[in-house]
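Enquirer: Spelled out from the first residue to the last, the chains are:
2 protein chains.
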Amino acid sequence: MSKKAVIVLSGGLDSTTCMGIAKAEGYDLYPITFHYGQRHNREVEQAIEVGKYYGVADHRIVDLTFLKDIGGSALTDETLDVPTETEEGIPVTYVPARNMIFLALASAYAEVIGATAVYTGVSAVDYSGYPDCRPEFIHSMEETINLATKAGVTGKNILVKTPLINLSKKETIEAGLSLNVPYELTTSCYNGKESACGKCDSCLLRLKGFKEAGSFDPIAYEN
Amino acid sequence: MSKKAVIVLSGGLDSTTCMGIAKAEGYDLYPITFHYGQRHNREVEQAIEVGKYYGVADHRIVDLTFLKDIGGSALTDETLDVPTETEEGIPVTYVPARNMIFLALASAYAEVIGATAVYTGVSAVDYSGYPDCRPEFIHSMEETINLATKAGVTGKNILVKTPLINLSKKETIEAGLSLNVPYELTTSCYNGKESACGKCDSCLLRLKGFKEAGSFDPIAYEN
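Taken in order, these protein sequences are the chains called W and X. At position 111 of the first sequence (counting the first as 1) the number is 111 in the UniProt record's numbering, and the numbers step up by one without a gap. At position 12 of the second sequence (counting the first as 1) the number is 12 in the UniProt record's numbering, and the numbers step up by one without a gap.
Just chain W, with the same shape it has in the complex:
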């Protein structure tokens, strides 16, 4: 019997790796992608390409420009600069409660289509100081989801799966390469241009990961 998983798919390296892992775990893939006025808007286009690569039956693109409207993050607020090196503490690229919002919406979708798992590519290792990438948040969120939904009340729980939570970027890339994850279709740069900048927090983590995994990043970078 087929089983369904909703994948929170940004079009970045981590969530695309989750597509490969969920597929390997036997799930039919139902990606959901959030468009929230992020500078790296290119991610949405990349996410659509990733969905096509995996031949998904349905791919939901959800408008959340509200997150841009309320501001508070360098990822969505054009008046704030994206930092060019890794920061201490909670960085300005933090988007308020983003993963909570994504998982809440993904769970509602899971409930409607009868999916039993929601995958998110958060990592507590390279988590950049975002509060909603920590395991304690994920555990609490899973409990809340099952209290909020019909699925939970009727005993058909929705699992929140975080296969990358204890993996470094290197280990994520190694896992993905072994599953033929199409990294050439992904983008991670916070600046969202045609070529990745190679300088932002996210580019630096990605490049370091490929190097440590003894591989090469297949995407284009600015000179």
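Please keep in mind that the hints were generated in silico from the structure rather than gathered at the bench. Heads up, a few of these hints could be off.
Which copy? The list can't say, so a pair holds if one copy fits it or any two copies do.
[Stated by the list, open to error] Okay, derived cross-link-like pairs now, SDA-like style, lysine to any residue, Cα gap no bigger than 20 Å in a straight line:
1. K170 x N191
2. K4 x L207
3. K211 x V62
4. K170 x L205
5. K68 x H35
6. K150 x S168
7. K150 x H139
8. K52 x S215
9. K208 x G55
10. K68 x E212
11. K3 x V112
12. K3 x K208
13. K4 x K156
14. K68 x K150
15. K4 x P218
16. K68 x K156
17. K150 x V125
18. K150 x G129
We have chain W already, so just place chain X on it with the hints.
Expert: Quick look at chain X alone, frame taken from chain W:
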């Protein structure tokens, strides 16, 4: 010193009562209203009127038509009939994980504006069998919110306030009348026409509440 509260305001009787209670508790009011293709779309117009009545500095209207797109509820799916009497179990008007989604978005907004409370008008008494109206859901959600946000990490917790959770509709109306809550601006009917139908689950509860409170509902009903 002023303190801010985000109010999840639907334009219905309960959430409008929360506006009156939060004001009485000394908060500056920041309502947030969700537009999700509900049949009772009139609610959004009513919510705007309620916001004006209270002279709010800002009122966020958030597009969540995604909830209509995924379907699964008679409130948003025009192919399902709204029942004309109270049902057993989880009713077809249940919108998947609606309160979880609303509270997640309201908390992100609270974090950005520095609000310390989020009010929601859920009631466990007249809760119509919706899983996300139960106290155990609210407690879990509050914990999740504080794990997901910078506010929680830095010790400035966001409280989820549910002043109606143990109140019957009668008691809610009594509380609201004592605070001069403008019930003439509210609407509760699931069918969302100019005049309330007086027959749906929501109308029946409202009418019963006014009657038990020894008062009259000031809005118009169909003959």
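Enquirer: It remains to establish, for every hint, whether it holds in the given structure.
Expert: We went through each hint and held it up to the structure:
When the C-alpha separation of K170 and N191 is checked against a cutoff of 20 Å, the pair qualifies neither within a copy, at 22 Å, nor between copies, at 54 Å. Taking identical chains as interchangeable, the C-alpha atoms of K4 and L207 are never at most 20 Å apart, the minima being 32 Å within one chain and 43 Å between chains. Taking the shortest Cα distances, K211 and V62 never come within 20 Å of each other, neither inside one copy (34 Å) nor across copies (42 Å). In this assembly of identical chains, K170 and L205 lie within 20 Å of each other by CA distance solely inside one copy; the values are 9 Å within and 57 Å between copies.
For the homomeric pair K68 and H35, the shortest alpha-carbon distances inside one copy (10 Å) and between copies (17 Å) are both at most 20 Å. Within a single copy, K150 and S168 get their C-alpha atoms no closer than 35 Å, and across copies no closer than 23 Å, so neither meets the 20 Å cut-off. In this homomeric assembly, K150 and H139 come within 20 Å of each other (Cα to Cα) both inside a single copy, at 19 Å, and across copies, at 18 Å. Within a single copy, K52 and S215 get their C-alpha atoms no closer than 25 Å, and across copies no closer than 59 Å, so neither meets the 20 Å cut-off.
For the identical chains of this complex, K208 and G55 are neighbours neither inside a copy (30 Å) nor across copies (53 Å), given an alpha-carbon limit of 20 Å. With identical chains, the CA atoms of K68 and E212 are never at most 20 Å apart, being 35 Å at best within one copy and 45 Å at best between copies. Within a single copy, K3 and V112 get their C-alpha atoms as close as 14 Å, which meets the 20 Å cut-off; across copies the closest is 38 Å, which misses it. Taking the shortest Cα distances, K3 and K208 never come within 20 Å of each other, neither inside one copy (35 Å) nor across copies (45 Å).
For the identical chains of this complex, K4 and K156 are intra-copy neighbours only, at 13 Å inside a copy versus 38 Å across copies, given an alpha-carbon limit of 20 Å. Taking the shortest Cα distances, K68 and K150 sit within 20 Å of each other only across copies (17 Å), while inside one copy they are farther apart (31 Å). Proximity of K4 and P218 under a CA criterion of 20 Å is satisfied in neither setting, with 30 Å inside one chain copy and 48 Å between copies. Neither within a single protomer nor between protomers do K68 and K156 lie at most 20 Å apart by alpha-carbon distance, with minima of 35 Å and 23 Å respectively.
For the identical chains of this complex, K150 and V125 are inter-copy neighbours only, at 18 Å across copies versus 33 Å inside a copy, given an alpha-carbon limit of 20 Å. Within a single copy, K150 and G129 get their C-alpha atoms only as close as 33 Å, which misses the 20 Å cut-off; across copies the closest is 10 Å, which meets it.
Hint compliance for this structure: hints 1, 2, 3, 6, 8, 9, 10, 12, 15, 16 are not met, and every other hint is.
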